[in-house]
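*Asks:* Listed in order, the protein sequences are those of chains C and D.
For the first sequence, our numbering begins at 1 and goes up steadily by one.
For the second sequence, our numbering begins at 1001 and goes up steadily by one.
Incorrect hints may appear among the rest.
To be verified - Below, a list of computed lysine to any residue pairs in the SDA-like style, where the Cα atoms sit at most 25 angstroms apart:
(1) Lys-1200/D - Gly-425/C
(2) Lys-450/C - Gly-425/C
(3) Lys-1198/D - Cys-249/C
(4) Lys-1227/D - Glu-93/C
(5) Lys-250/C - Gly-1238/D
As the list claims (entries may be wrong) - In silico negatives: residues of chain D with every beta carbon more than 10 angstroms from chain C:
(6) Ser-1084
(7) Gly-1117
(8) Gly-1136
Said to hold, decoys possible - Estimated spans, in silico, between C-beta atoms of each pair:
(9) Asn-1157/D - Gln-194/C: 37 to 47 angstroms
(10) Glu-334/C - Glu-1205/D: 54 to 64 angstroms
(11) Glu-164/C - Asn-1042/D: 52 to 62 angstroms
(12) Ser-1240/D - Lys-79/C: 26 to 36 angstroms
(13) Lys-1198/D - Ala-6/C: 19 to 29 angstroms
(14) Ser-1240/D - Pro-287/C: 52 to 62 angstroms
(15) Thr-293/C - Glu-1205/D: 43 to 53 angstroms
(16) Arg-1237/D - Leu-363/C: 51 to 61 angstroms
(17) Lys-79/C - Ser-1106/D: 47 to 57 angstroms
(18) Glu-334/C - Arg-1237/D: 27 to 37 angstroms
(19) Glu-164/C - Ser-1240/D: 27 to 37 angstroms
(20) Phe-1074/D - Glu-125/C: 51 to 61 angstroms
No wet-lab data here; the hints were simulated from the structure.
It should be emphasised that the depicted structure is a prediction, and the values quoted were computed from it without experimental measurement.
All C-beta atoms, glycine included, are put in the ideal place defined by N, C-alpha and C.
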Amino acid sequence: MMLNGAEDEEKWLAEGIAGIQHNAFYMHRALDSNNLREALKYSAQMLSELRTSKLSPHKYYDLYMRAFDELRKLEIFFKDEGKHGVSVVDLYELVQHAGNILPRLYLLCTVGSVYIKSKEAPAKEVLKDLVEMCRGVQHPLRGLFLRSYLAQVSRDKLPDIGSEYEGDADTVMDAVEFVLQNFTEMNKLWVRMQHQGPGRLREKREKERNELRDLVGKNLHVLSQIEGVDLEMYKETVLPRVLEQVVNCKDDLSQYYLMDCIIQVFPDEYHLQTLETLLGACPQLQPTVDIKTVLSRLMDRLSNYAASSADVLPEFLQVEAFAKLSNAIGKVIEAQVDMPAVGAITLYVSLLTFTLRVHPDRLDYVDLVLGACVKKLSSIPKLDDSRATKQVVALLSAPLEKYNDIVTALTLSNYPRVMDHLDNGTNKVMAMVIIQSIMKNNTCISTVDKVEVLFELIKGLIKDTDGADVDELDEEDFKDEQNAVARLIHMLYNNEPEEMLKIICTVRKHTMAGGPKRLPFTVPSLVFSALRLIRQLQGQEGDIVGEEVPATPKKIFQLLNQIIEDLSNVPSPELALRLSLQCAEAANDCDLEHVAYEFFTQAFVLYEEEIADSKAQVTAIHLIIGTLQRMNVFGVENRDTLTHKATGYSARLLKKPDQCRAVYACSHLFWVDDQDGIKDGERVLLCLKRALRIANAAQQMANVARGSSGPVTLFVEILNKYLYFFEKGNQQITGAAIQGLIELINTEKQNDSATPDSASDAFLASTMRYIQFQRQKGGIMGR
Amino acid sequence: MNFLIGAFKPACNISITFSDGKSRKQENGQTVMVPLFQSQENIAGKISIEPFQGKKIEHNGVKVELLGQIEMYFDRGNFYDFTSLVRELDVPGDIYERKTYPFEFSTVEMPYETYNGVNVRLRYVLKVTVSRNYGGSIVEYQDFMVRNYSPAPSINNSIKMEVGIEDCLHIEFEYNKSKYHLKDVIIGKIYFLLVRIKIKNMDLEIRRRESTGSGANTHVETETLAKFELMDGAPVRGESIPIRLFLSPYELTPTHRNINNKFSVKYYLNLVLVDEEDRRYFKQQEITIYRLQDS
């Protein structure tokens, strides 16, 4: 039975290692006894183990490393002429007598290294010979390792500037030439590897091949380490030659890796000065090469370089880095028809990042990038690739993050056009990003134009988009979004009333299209924004009266009236009612009686017609009472009408305790604690008495219904009202009346059916303490 | 027994010494070291004949011959002398005690080199004969070797050739010379113009072709003296593979062309490509090997 592949390989590797160890043993013996002949014989036999074709690159590497270690020992022996008695020149010939090429070349490289060190021949001659002779090994794997060995032993012996092996003029060129040639040959071998063996194992082979890439890339690293490779040489020789090889090899794996290698190993400054050449190669690469990653890395590097020091920025301008990059990206996208949208957009994101870092002052560049992206996006159907969408979001977020200022983004004409290409969900996400940016930076949007653009950007949040699937909406997300919009409205502000009014009108125009679900969130912000303007106008009153002035409180109130009406149609009566009252209060402060009356009317109508829920009614009536109490603009007639209505509604509440509380609250409507406020003690008393009656009735009802009377809380509350008005000097409230009420409470408490309640007891106790205290103080409370 | 042995013992001991025997370069003639000469040299020395104790040698004359012989192995023992020089050393008479004869062959023409091949041998020998009427003549041989040196050829073109199998393999190869001396190095290149077969490796072989006899009796023997791997793995179109082969490690002789109509020794470079199915594709080119005077 056959062994499976992996086991086979293990076996072969073990055999290979054993072969190396066996021959190495005899080689060591020969070295110890200074026997050159034997040393050569056994080292050649040892190296013959590397002739195997049975091992995967990984295993072969293992074998190679073992041979490599042994060769180090051999090299030390070769160095010592005293031991073997043969000059290095003769040795160089002697090792070439070996019949098998692979051992021969390994030995030749080893002696070559010694030869260079001996300086008996110029380093360049030896290197040239070695790199040329290595052509004999055309087997990809064996050739790669052999040349890798050559690169390894020659690394410290290149005739570089400042090196001890530097010869006459221009030897750096020889060093470069040597490395370039070795690189070219290695890459050829590496590329060729994919064609080895049966087609069905291609995937595995490519994986193995990828493991070997650093052997090739190492050469580029060596090149970058050569002192003598200055910008000039890099530009004239190194880069063109490397790129030529990269382009000509027509292999995607290699092209991708090597482009990345070039970008990573050579200095930023070189890249900047050779951008055109480097970028020129990109469209010539295979269509399957992941150029976007390559270019992205390049731009990242350049961006970091630009960020590293302000001194280098002029260089970027001088070489027109942006134009070149932009141009190159355009060409790559054009050349690679099959590139998925995500690829193209990623490229634009990188370019944008680059632009923002290098040319933060050039908004036109940013807009250009966005424009190019729009062009690309228009050529493809609606994005459905989530990765592509993500990239678009990144593209749009980048300027916001950079400038920390949405206003800048609003001047980018292509910005909204890019957003149009997002799907609804992402569009919303992006809109949220924009709003959050505004919030975070406290950016004030102060012109109508910008507000228009902004609303265009976030329109996904403002209204339902066509074809949006409503079922998908997450209630919580929706709330978050709308709250964000509401917050945003407050950021739209201009000190100039006229402009501010325009802003408000614009906001209204947009928000009113939002539909019943959105209005409750957005309208309050809008209303309060308008009210703020009113207050502002009110503050500078005097200068701005007259019809020709566009922004008058009156006009704004008209606007508000419509807004609230729209809101009540939604319907959202409770909110509309609250806002009406707010407006009424503002109108009051502006001394506009009719307007205030109108808002109250609106509030009452809402109360009557729309608010049916008893709890809501209680809240509403208390709001109405509270607001009405503060009104001072009304004439007697209007006021009477309104207070009458309010008390009437109070008495008609459903639950007795609610009735009671509303009625005693109404008492305040007749007693405004202002200098010229209304002070109608009689009607106050009437209200309180009525409240007391209702409280009694409530108690009795409780007795009948549940067999026990409720707590005395209501009475204590009324007692507090009595005390309040008493202290305020209402003549109608007498000490006797208070005393009577206290007795009444005590009787109620002693009633066997009374339910003991700690809260109301405590309330009563503290009220009593208060009376006691005031009595001791004397004064008005002193009886 | 001793008596018996004594009866068949040669009657005398003959020794040949060369006049410059101590200083002359020696060359390993397979098993024994023998003196080395080249054409046009004087070959001189002494021959001493020493009868065994108390014996006298009665002879019809003593002579020394210088022979150049070709021996075919299929005709072993039958020598063909292409050179034969004789010096009479002594008139008939008796030798009682050790007697020494100086001899000299001056500026001897020895056009051919000593050669030890598979089927043929060319040798030079000094033959001393003490002729006797009875008991047979007493003969002693002394081998010596001849090597002839050539100057570097004035015309030495490179060998350049394009060969191939249609739509399969097309190569062009080049060897830097057509004539190499024994310690020379072959430099060259192989260009692959078209490769459609899966080549496993490529070797350069040095082959010696020894042909003996003539006409219908010609016998050819080919030996591969060197097998030198030039390339490992399969090249692609456009590759060029270097050749550098040092000849010194191999036991080559100069090329011999039609030596006395008896034999020829020729050398060939054989370029062999082996594919993955172990099929061999080869092209053989003759090269001339000559002996260059050591400087």
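*Asks:* Go through the numbered hints given earlier and state which of them the structure violates, listing their numbers in rising order.
*Replies:* 1 and 14
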